[in-house]
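2 protein chains.
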Amino acid sequence: MNEPVLARLHHLMTLREEVETLSSPVPWTPAADWTDDDAHLCLQLDVPGVDAESLEVQEDGETVTVAGQRPASERLLRGERPSGIFRRTLTFPEPVRPQSGQASLVHGVLTIRFEKRHPTISVPSSDLGREEQGE
Amino acid sequence: MNEPVLARLHHLMTLREEVETLSSPVPWTPAADWTDDDAHLCLQLDVPGVDAESLEVQEDGETVTVAGQRPASERLLRGERPSGIFRRTLTFPEPVRPQSGQASLVHGVLTIRFEKRHPTISVPSSDLGREEQGE
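Protein chains in written order, with the UniProt record's numbering: chain P, 1 to 135; chain L, 1 to 135.
Heads up, some of the hints might be wrong.
Where chains are identical, the list cannot tell them apart; a pair therefore holds if satisfied intra-copy or between any two copies.
Pairs of lysine to any residue residues, derived as SDA-like cross-links and limited to a Cα-Cα distance of at most 20 angstroms, are as follows [to be verified]: (1) 116 <-> 37; (2) 116 <-> 62; (3) 116 <-> 85; (4) 116 <-> 75; (5) 116 <-> 65; (6) 116 <-> 74.
The set of hints was computed from the structure by calculation and includes no laboratory data.
Could you put together the complete structure from these sequences and hints?
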């Protein structure tokens with residue numbers, strides 16, 4: 001007997017979830033690259049439209065945390081761009097010197113350069129013998 | 001009898017696909033917002049790290065196409081950021097005046113502003129009666 005009421009409730013709850021999904025901002029997880037240039041590790045993070053003033057970078061021994069935000073577009077007709085606050089903690093791919101990070105923000109890309117604790121000594125690859133591991 | 005050979009072949013093909021997936025760049029579909037400011041429609045596209053010189057914008061009556069590229073990071077240790085060429089064709093949410101687009105690229109966000117064919121006349125919402133539609 002209560003089934004129509006329950007179905008109606010369920011329908012209303014689904015509608016509410018859909019409305020909440022529509023109104024909440026798209027989650028904001030900026031894409032990151034780690035690159036290596038022998039003496040440094042570089043972190044690059046895509047943060048288009050984020051003010052330098054809103055960015056915070058914190059480093060502990062093993063990880064670096066980047067936080068920031070950008071305002072949501074107003075009078076949105078169709079929206080895909082994430083907005084609001086983001087916070088990402090990334091683990092260093094290899095050990096870096098504490099407090100060696102240097103950050104810059106250019107064309108919406110945040111680059112942070114860390115000194116490696118164990119810089120790589122690069123070896124030119126020409127005329128080197130090839131070693132193969134047996135299976 | 002041929003089954004071990006087939007299984008081995010299948011395994012090799014799977015491996016090859018995995019290697020190709022790893023080496024191909026992350027697909028590049030910049031997120032887009034459409035906003036409305038009464039007289040204009042604005043398209044905003046997240047294109048961090050893309051040079052203005054590499055951007056191309058083309059408008060036909062119903063759609064606008066944006067293309068561009070950014071180079072892949074070199075000596076990548078861990079990569080999430082898309083790279084290479086992108087091309088997106090977006091349909092105008094409502095009619096715009098042909099050739100009215102004005103583009104700017106700021107902090108990695110491409111903004112293109114189009115004049116609406118039918119500008120909205122905004123009405124202040126205070127003291128307006130509320131109408132409700134019956135079910």
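Q. Which hints from the list above does the structure break, by number from lowest to highest?
A. 3
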